[in-house]
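In order, the protein sequence lines correspond to chains A and B.
Under the numbering used here, the first residue of the first sequence carries the number 1, and numbering increases by one thereafter.
Under the numbering used here, the first residue of the second sequence carries the number 1, and numbering increases by one thereafter.
Just so you know, the hints here were simulated from the structure itself, not pulled from any lab data.
One thing to keep in mind: the hints can contain errors.
For lysine-lysine, the following BS3-like pairs were computed, each having C-alpha atoms within a straight-line distance of at most 27 Å [as the list claims (entries may be wrong)]:
1) A:Lys189 - A:Lys70
2) A:Lys396 - A:Lys255
3) A:Lys76 - A:Lys133
4) A:Lys19 - B:Lys42
5) B:Lys139 - A:Lys19
6) B:Lys36 - A:Lys31
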Amino acid sequence: MSDQRSMIRDAMQAIAQRKPGKSKLVYDKTKRTIVAVSEGVPTPQALNITADDADMFGVVTLSSGWLRDKWLSLTKAGSLPVDFSSWDDGDALTQLELCIQGSGTRAAAMLVLGQPQGQTTEGVVISIVPTDKPAHRSDVFVSPDNIAYRAELVEPAATAGRQREVVFADIEPQLDLRRAGILETTVLKDRTVLCIGLGTGGAHVAVELAKSGVGHFILVDRDRLSVGNVVRHPGGISQVGRAKVNVTRDLILEKNPGAQVEVHVIGVGFENRDVIAGLVQASDLVICGTDNRQSKLLINELCVSANKSAVYGGAFRRAYGGQILRVRPKLSPCQQCFVSSLPDEASDVEVSSQDDADAIAYSDRPVAVEPGLSLDVLPIATQLAKLAMLELLADKSSTLNVLKRDFDAPWYLWLNRPEPGTQYADMPPLSDSSDEMTINRWYGIYFERDEQCPVCGDFLSGIAAAYGLDATQLPALPEKE
Amino acid sequence: MELSADFARYVSSCEPDDDAVKTAKKAHEKVRDELKTDEDTKDAHEETFLTGSYRRHTAIHNIEDVDVVCILDLDIQAEGSEPEVVLTWLQGVLDKYYSETRPQGRSIGISAKGVWLDIVPGTPVYQDGPLWIPDRDAKAWVQSHPKGQISAASEKNKDTGGYYVQTVKLMKSWRDRLPTDKSKPKSYILETLVHQTIGLPTSHARAVVNVLEGINSTYGFYRGLGTVPFIADPGLGTVNVAKRWESAEFDAFLDQVKAAASTARQALNATDEAESRKLWRKLFGSTFGA
């Protein structure tokens with residue numbers, strides 16, 4: 001291989017200098033790349049392994065970060081034990097340090113620097129040997145002293161003949177590579193998002209933000225995952241009974257292992273007002289996925305007081321539609337302005353837990369819990385996540401900034417189906433018409449701030465004007481934090 | 001006044017001359033045939049197509065260069081597919097046919113009897129979608145969407161009843177007359193700005209006013225902020241065509257736009273033909289309406 005690299009360099013030099021060289025560059029059809037061959041020698045036919053063939057192999061995944069940390073021990077002792085989670089009947093092995101949730105089946109292995117000495121009869125041995133492959137490849141590990149290594153698997157007799165490649169998970173660089181070109185990869189790492197309410201919508205938003213590279217999360221929810229939640233929530237049946245904040249934390253860490261996640265199993269009510277206020281203060285953005293008006297209004301008051309932007313999302317009854325409200329304190333209408341100005345639409349809230357259903361029942365008649373399906377709620381969650389991203393990116397450089405002119409309304413209405421009994425029941429079928437509302441569309445809706453809003457406006461002047469009083473004679477309102 | 005006849009004659013005078021078009025056609029057909037049949041490229045070759053202002057019909061006067069994209073069957077993750085290696089390999093192939101070849105950032109330049117061709121290797125991100133293009137300086141494959149640029153220009157031209165292409169030519173001609181190089185944006189940036197601001201004009205004059213006033217109202221806010229906004233490529237929205245535009249140059253251009261927008265508006269609103277023509281000449285020179 002080292003010959004191949006130096007031959008490529010020779011050939012490139014020859015082309016640059018326009019002089020014949022010992023090597024020439026040719027296209028290798030089997031590898032779909034450029035290789036160097038000696039001038040006058042026919043192109044070698046490489047082993048024709050296609051991408052499809054490679055998928056037939058199993059994979060052993062080792063953490064680059066872990067190996068870098070342990071490098072001194074390995075070079076001193078010559079070998080290191082390493083534990084794997086074993087998947088697919090042992091076809092895939094993933095180092096335990098990389099597993100937030102393991103498979104339940106463990107496999108022990110030994111990492112050996114150089115070729116293993118003597119006969120190995122049982123257990124997996126992974127031999128680490130120098131290589132001249134390019135350092136960016138996933139099957140190459142670069143040691144702290146900047147030498148490239150590859151890993152070879154020495155299988156025990158029982159599994160001899162099984163083909164498996166060893167790859168290294170260099171987590172941050174490999175994840176960042178997928179975000180590059182869309183976001184500056186470091187932009188979101190120092191941002192803190194407070195997610196309140198981790199039902200289906202809230203949990204999906206949190207996970208999407210983790211995938212985008214948000215580095216700090218504070219999660220708040222009082223509930224545990226129930227069997228009924230599983231049809232919509234990203235947490236599955238094996239997570240039933242766990243607090244939703246813990247389920248969501250693990251989902252976040254599966255997608256962004258470097259994230260810092262703080263969890264609070266508490267409800268949002270006046271009894272926890274001070275705690276929530278402290279969490280709001282510590283965050284850059286608040287995502288509200290709670291499904292009752294009281295909690296939203298409390299969060300709104302705390303966010304406006306702390307001058308923190310917040311995004312509120314929710315589905316209507318049976319998720320025939322949904323809405324997102326984005327509140328930038330003093331710059332846009334707040335949740336209180338919204339409730340005051342749009343009472344009919346704002347009251348069409350989803351009820352997704354039995355406790356809330358019981359709480360709002362004003363008679364003995366049971367109130368049905370009315371969740372939509374996951375595919376009804378996810379459009380709202382993904383749109384909310386996108387709005388949250390735009391808020392977090394603020395003035396940072398990102399290709400997503402092209403969306404800013406599309407997302408400048410305070411309120412976004414999602415129409416999912418023309419539910420009988422609603423004002424959307426007689427809506428025309430989906431068409432390419434742009435001058436009428438149809439289902440399966442988002443609508444950005446503009447409305448004004450209430451200048452006399454009790455939360456974000458001058459409430460006293462409003463009261464004084466309404467009752468013909470002198471505002472200066474009214475007692476002052478308590479100071480907001 | 002709209003002075004439609006004057007504008008039509010002026011646009012016509014901006015068109016590349018027939019000889020330049022013939023030379024360019026002969027040159028690009030030859031190199032495309034060579035890439036398709038050459039022993040060293042035929043296995044890798046999938047398709048070549050024209051791109052750039054020549055293909056989008058927005059070139060003016062002399063055709064300075066013709067861009068040819070050569071789509072190759074490459075695994076860009078594979079060893080040997082590094083941008084530098086692929087570009088050098090391509091240069092080696094072209095050296096067989098051309099005495100003057102030049103390695104460039106994302107292409108190989110070749111001089112072919114009076115016309116300069118830029119041969120850009122690429123490999124599809126997905127079928128008929130954006131391409132991975134080698135960037136020698138960034139040492140990476142970067143995305144670009146030449147076919148998206150072509151279809152965006154073609155659709156815009158259709159939507160504007162043919163005014164788009166002619167307005168780009170008018171704006172390039174105006175740009176070329178600006179007093180300092182600092183204030184002259186690259187052609188594709190200018191073309192993108194026309195794409196964003198042309199609206200639905202009913203005459204050349206209104207199209208020019210739409211563009212100048214549109215640029216001023218959309219981007220005037222940024223003047224003096226020391227920042228250049230993201231200007232999305234109509235062919236691929238995630239690409240910022242203004243990425244390499246320096247803020248001082250951007251500001252200098254906006255200064256020119258502001259003054260020109262005012263002149264163009266006065267020229268359009270003028271009720272006296274001679275006065276209107278005099279004002280348009282401030283933008284397009286003494287040959288306008290001559």
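Each hint, compared with the structure:
Of the supplied pair hints, the one linking Lys189 (chain A) and Lys70 (chain A) holds, its CA atoms being roughly 26 Å apart against a limit of 27 Å. For the given pair, Lys396 (chain A) sits about 23 Å from Lys255 (chain A) by alpha-carbon distance, which is consistent with the 27 Å threshold. A distance of roughly 25 Å separates the Cα atoms of Lys76 (chain A) and Lys133 (chain A); the hinted pair therefore holds under the 27 Å criterion. At most 27 Å may separate the alpha-carbon atoms for a hinted pair to count; Lys19 (chain A) and Lys42 (chain B) meet this at roughly 24 Å.
Distance restraint check for Lys139 (chain B) and Lys19 (chain A): the Cα-Cα separation of roughly 25 Å lies within the 27 Å cut-off, and the hinted pair is therefore satisfied. A C-alpha spacing of about 20 Å is found between Lys36 (chain B) and Lys31 (chain A), which places the hinted pair at or below 27 Å, so the restraint holds.
Hint compliance for this structure: no hint is broken.
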